[in-house]
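Asks: Got chain A; can you put chain B on it based on the hints?
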Amino acid sequence: MRRREFVLGMCAGGLATFAAPVVSFARVPGRGRLVFVLLRGGFDGLAAVVPYGDPRYHSLRGAMAYDSSDLLDLGDGFGLSPGLSPLSELWDAGELAVVHAMAIPYRTRSHFDGQAILETGLERPDGSSDGWLNRLLQLMDGERAGLAVAAGLPRSLSGDYPVATWSPVELGVLDDGYLERLHVLYRADRALYDRFEAGLQMREVASNSEMSSEMRGRGRQGRIAPVMRAAARFIEEPGGPNVAAVEFGGWDTHANQGMAGGSLDRLLGQIAEGIIVFREECEESWADTTMVVMTEFGRTARPNGTGGTDHGTAGAGFVIGPRVSRSRIVTDWPGLGDQSLYEGRDLKPTLDTRAILKGVIAGVFDLTAAHTERVFPGSDGVRPIYDLIV
Amino acid sequence: MRARVSSAAPFAERLVAFWSNHLCVSVPAKPQIAALAGLYERQVIRPHLFGRFEDMVLASARHPAMLVYLDNAVSIGPNSAAARKLARRGHEPGLNENYARELLELHTLGVHGGYAQKDVEALARILTGWMITGFGFADRLVRGRDRRDSGGSDGDVAFAYQYILHEPGDKRFLGVKYREAGEEEGRRAITDLCRNPSTARFLATKLARHFVSDEPPPETVDRIARHWVETDGDLAEVSRTLVELDESWAAEHRKFRAPQDWLTAMLRAVGARDVPEPIGRLLQQLRQPLWSPSSPKGYGDTKADWADPDSLLNRAELARRTADRLLSGTRTRPSGESVRASQVDPTRLLDIVDVPAGNPLETLLADDAIAAAERTALVFGGPAFQWR
Chain A
4 MRRREFVLGM
14 CAGGLATFAA
24 PVVSFARVPG
34 RGRLVFVLLR
44 GGFDGLAAVV
54 PYGDPRYHSL
64 RGAMAYDSSD
74 LLDLGDGFGL
84 SPGLSPLSEL
94 WDAGELAVVH
104 AMAIPYRTRS
114 HFDGQAILET
124 GLERPDGSSD
134 GWLNRLLQLM
144 DGERAGLAVA
154 AGLPRSLSGD
164 YPVATWSPVE
174 LGVLDDGYLE
184 RLHVLYRADR
194 ALYDRFEAGL
204 QMREVASNSE
214 MSSEMRGRGR
224 QGRIAPVMRA
234 AARFIEEPGG
244 PNVAAVEFGG
254 WDTHANQGMA
264 GGSLDRLLGQ
274 IAEGIIVFRE
284 ECEESWADTT
294 MVVMTEFGRT
304 ARPNGTGGTD
314 HGTAGAGFVI
324 GPRVSRSRIV
334 TDWPGLGDQS
344 LYEGRDLKPT
354 LDTRAILKGV
364 IAGVFDLTAA
374 HTERVFPGSD
384 GVRPIYDLIV
Chain B
74 MRARVSSAAP
84 FAERLVAFWS
94 NHLCVSVPAK
104 PQIAALAGLY
114 ERQVIRPHLF
124 GRFEDMVLAS
134 ARHPAMLVYL
144 DNAVSIGPNS
154 AAARKLARRG
164 HEPGLNENYA
174 RELLELHTLG
184 VHGGYAQKDV
194 EALARILTGW
204 MITGFGFADR
214 LVRGRDRRDS
224 GGSDGDVAFA
234 YQYILHEPGD
244 KRFLGVKYRE
254 AGEEEGRRAI
264 TDLCRNPSTA
274 RFLATKLARH
284 FVSDEPPPET
294 VDRIARHWVE
304 TDGDLAEVSR
314 TLVELDESWA
324 AEHRKFRAPQ
334 DWLTAMLRAV
344 GARDVPEPIG
354 RLLQQLRQPL
364 WSPSSPKGYG
374 DTKADWADPD
384 SLLNRAELAR
394 RTADRLLSGT
404 RTRPSGESVR
414 ASQVDPTRLL
424 DIVDVPAGNP
434 LETLLADDAI
444 AAAERTALVF
454 GGPAFQWR
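Protein chains in written order, with the numbering used here: chain A, 4 to 393; chain B, 74 to 461.
If we strip away everything but chain B, and leave its shape as in the complex, we get:
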């Protein structure tokens, strides 16, 4: 959040938020990845923001946070060497399809992208052996056993291909034969998935929904999808297309701000260099804490997801609280130095919202009888600022 509020490149931060949510991990789902979620964003999302989609997905597939979050780290090939050994000891190890399914349904092809249950299983077989190092620690991490007994630091956790877990033999996935090639099979499958036309369409729809409107025009989706296919998912190119789309700026296409987006916009508008302290609590109250979606689908991205009556009141309250804190009295920096609160002229805030002439906001902001803090809160808590 700090980066989002203070960034000199807010568009890049918006992309970080988008991709981080697209390939999300969730800490409440697997508390043992708490220390890895921030790393995941730095190591998987940010480096590939303007790179290739397949590199981002591949990085995500190999990151310990994702391997644990969607259980690929506990998936064992039923005919692997490890499975045979475990079977002799009376265990029944097997595949875990969780990651394979979400990789198809949520990360690449989309639920109607043209795959069947047998493809989910084949992909799960292909990805067996994609594991994490430091087996003892990894084991505890995966099973969520006593986190206080750390057999290693986070630095010890890294991707490792474990051939003894890998399902041997050729696999048939999406009608294509994948010859037995160990770790390489997974790389090939992910590259193929990312270049599949269904993936281009699925991501074009999702991007258009995020950057244009909840129900984007089909031509817009087509244009993004076409550009995606032409550039093999080059995200620098695709992002450029998004900015160049007239629809992205058209007044009739407006988007209701999701909570993190709204909070970021408010804090940027008042010139807060830094995030006020209880940011986690604020995001909790707004129902969109970082790295905590309730399912691997990530947070919703439409007005229907966020514009419920209670949330509008919650925002009104947070706007008021934030304005009061920013505009009254002095604040103390961590260094102990006292600084004057931010100076915000409420009438100038009219420029940051898009209201037609004659909107009651003009009158209210010019009304000196209303305290500056309240006028500021009216901008951020009012309807115009809920849209971008």
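Same shape as in the complex, but just chain A:
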């Protein structure tokens, strides 16, 4: 039960063997990895990536406006909120592209529709479509594996290509004796044995990162860092996933967002901490790992009556990793003037999420335009931003 490498091979290869036939294309030298971090709930891009240089920013945000001196300055009139200050390490290393005024192609203020669009990669809501990360896996050739770190299989990874899931639940009562006996039983079931072994393996990887105790303790780092640490452990294993989806909820801040040290800022602090922990835990694997952080929509430009913000349109996101060409802010800033706001209330979208995602996967996996359009069907009018990734 302690044959780690063999078992993880089963996890990646054993599950993949019944996959549908795939289209071949030249394998990239080396091994690109993509981690898609979805912040569910619509995180407030204007609170995270602050456009302090916009002349309308202070009057629009009022009591919820930051002074530029509180921020990690990115230049060009933008700064990262205090909670995100741990990311300065990435910024200084040239590993952080900050994207702003970006939105999914479909105008909706519904979480469900917004997440469906972001996760299916389509232009419009489509009831039964699979996820773009799964289509990406279907396109690839050779050994590859997908992993969802989530309470269920997220839409982004659902589809014909089999992927593994790991949910950060508290595993208290699975003592070794019980697992040994179950192992004996599963050995007699040829259809399920590989899967059970892979499950044991994942559990072992996760517990090595001491996350169970950390999660129970809900220590100083909050709930995000332990999950990110576990995700990094999976990535770093031999035969680990090269496409992973990780998700965190709690971003639907309708009330009391607060400022530095407030509820949203603490959450931003947790995600920043989680990204840094992930990077440290990855060790050598970090060199070819690219992480994309996105959300289904931004929030209203003005605060609402309860110290929060409501569902809006364009927002911010991040592309992170050593493969990022250089640290910079990527935006065609629409401005915050009344005439510039979308429907008079939201940051106006000037950048399609798919332009970023197509550019990233083209760079990370060395894909042609024809390939990226198969991952994002109907996106031929959306030009990928190719120079994000080297």
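FYI, nobody ran anything at the bench for these hints, they're computed from the structure. None of the values given here were measured: they were computed from a predicted structure. We put the CB at the ideal spot given by N, CA and C, even for glycine. A couple of the hints might just be wrong.
[Unchecked claim] In silico DSBU-like links for lysine-lysine, alpha-carbon gap of 35 Å or less: (1) A:K351 with B:K191; (2) B:K279 with B:K376; (3) B:K279 with B:K250; (4) B:K158 with B:K244; (5) A:K351 with B:K158; (6) B:K244 with B:K370; (7) A:K351 with B:K370; (8) B:K376 with B:K328; (9) B:K279 with B:K244.
[Stated by the list, open to error] Some, not all, of what chain B presents toward chain A, calculated at C-beta under 7 Å: (10) A102; (11) S367; (12) D381; (13) P382; (14) D383; (15) L386; (16) L437; (17) A439.
[What the hints assert, rightly or not] Derived list of chain A stretches under chain B, where covered just means 3 residues or more per stretch with a C-beta under 8 Å from a C-beta of chain B: (18) 114–128; (19) 148–159; (20) 182–191; (21) 197–206.
Replies: Structure of chain B alone, referenced to chain A:
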């Protein structure tokens, strides 16, 4: 879930689960229908379990939960009286094709059932005006505005045909002309769809996949489809066929239990009269909460959907937790009365799983050195019980 665990007619409960998933609504998708989802199952699925398929689909099409879930309640005929009035005020109301598309793709014909985009649009036009009453409340319900400000109780929500939203004129749908007939057009279209041979085939495949195996033999599908067509989708007849199929009972066709199914089977096996309290959390952890599929396609129904490594471990953990709770100490009823925990003899549980002689489970269950709770958990967390 309570009904599923305690039912004296488990086959009927299995059918409820199947049809409820086939014509699913999802609460996370439209939180404003939270109070309607249970009603939907009681009013749409259960009454027609052994009735006619077209009556079930029609009931679903007219239920507020479905009208809101798939947006038919916000679909407005572009040339309707309401649209003209709204246009004068600067709005651009229009069709919402969501329900029409899923009715074709997921509820009746199936995606390869022989329809085109123009049929989706025609069906959406036909179904304009199928709305809900209590316009003020309905409006808030549809738009999901401030749910705390309830302008009415749930009792006020009901189907209503609103002619001012209906697209006037004849429509051409699936090659057939539907004369302008208001609400009647929709009834006719749904009846025609339900009697279409593609629907029989689509549902026969789905039923065979659920009751026989992930990849059912084509003869089995043919037989169910034929019977479906002969009886115009009489679900009592079709259900009887399912039970009578030899394949349904054949050992080589086994099905991996979906999470709700597995939990129900476990709770029934230990004789739990009632569902343990945190059932919602258990189903959440098993990834199949009630009325919460991530798309209108409903939950998946195959081994590939559910037998992932992490889920097997999750089940092992839940089996252990449930066995510990059921077998140790006393429980307190809501009335305050203390009762002894269920008495389960682990060796007798061998009868509820299908294992060949010599399976290690026999030895383990007979081993008195292992606590009864753990032996019980080994039955439910082990591989044999994952199959039905």
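Asks: Now tell me, hint by hint, if it's right for this structure.
Replies: Going through the hints against the structure:
For the proposed pair K351 of chain A and K191 of chain B, the alpha carbon gap of about 33 Å is at most 35 Å, so the pair holds. A threshold of 35 Å between alpha carbons decides the hint, and for K279 of chain B with K376 of chain B the separation of about 14 Å falls inside it, so the pair holds. For a cut-off of 35 Å, the pair hint linking K279 of chain B to K250 of chain B stands: about 30 Å separates their Cα positions. Restraint check: the Cα-Cα separation between K158 of chain B and K244 of chain B comes to about 23 Å, which is no more than 35 Å; the hinted pair holds.
Distance restraint check for K351 of chain A and K158 of chain B: the Cα-Cα separation of roughly 30 Å lies within the 35 Å cut-off, and the hinted pair is therefore satisfied. A C-alpha spacing of about 27 Å is found between K244 of chain B and K370 of chain B, which places the hinted pair at or below 35 Å, so the restraint holds. Our distance criterion of 35 Å between C-alpha atoms is met by K351 of chain A and K370 of chain B, whose separation comes to about 33 Å. For the given pair, K376 of chain B sits about 7 Å from K328 of chain B by alpha-carbon distance, which is consistent with the 35 Å threshold.
Taking the CA atoms of K279 of chain B and K244 of chain B, the gap is near 31 Å; set against the 35 Å cutoff, the hint holds. For A102 of chain B, the suggested interface contact is upheld, since its CB lies about 4 Å from the closest CB of chain A, less than 7 Å. Because the smallest distance between the Cβ of S367 of chain B and any Cβ of chain A comes to about 6 Å, under 7 Å, the interface hint for this residue holds. With a least beta-carbon distance of about 5 Å to chain A, the hint placing D381 of chain B at the interface is held under the 7 Å criterion.
A distance limit of 7 Å between C-beta atoms decides the matter here; for P382 of chain B the minimum to chain A is near 3 Å, and the interface restraint holds. About 5 Å separates the beta-carbon of D383 of chain B from the nearest beta-carbon of chain A, less than 7 Å, and the hint is met. Here the hint on L386 of chain B is kept, as its CB sits about 4 Å from the closest CB of chain A, short of 7 Å. For L437 of chain B, the interface hint holds, the least distance from its beta-carbon to any beta-carbon of chain A being 6 Å, beneath 7 Å.
For A439 of chain B, the suggested interface contact is broken, since its CB lies about 13 Å from the closest CB of chain A, more than 7 Å. With 3 residues having a beta carbon nearer than 8 Å to a beta carbon of chain B, the region 114–128 of chain A meets the requirement of three or more and the stated coverage holds. Coverage of the region 148–159 of chain A by chain B holds in this model, with 4 residues showing a Cβ closer than 8 Å to a Cβ of that chain against a need of three. Counting residues of the region 182–191 of chain A whose beta carbon lies closer than 8 Å to any beta carbon of chain B gives 8, which reaches the threshold of three, so the coverage claim holds.
Counting residues of the region 197–206 of chain A whose CB falls under 8 Å from any CB of chain B gives 9; the rule of at least 3 is met.
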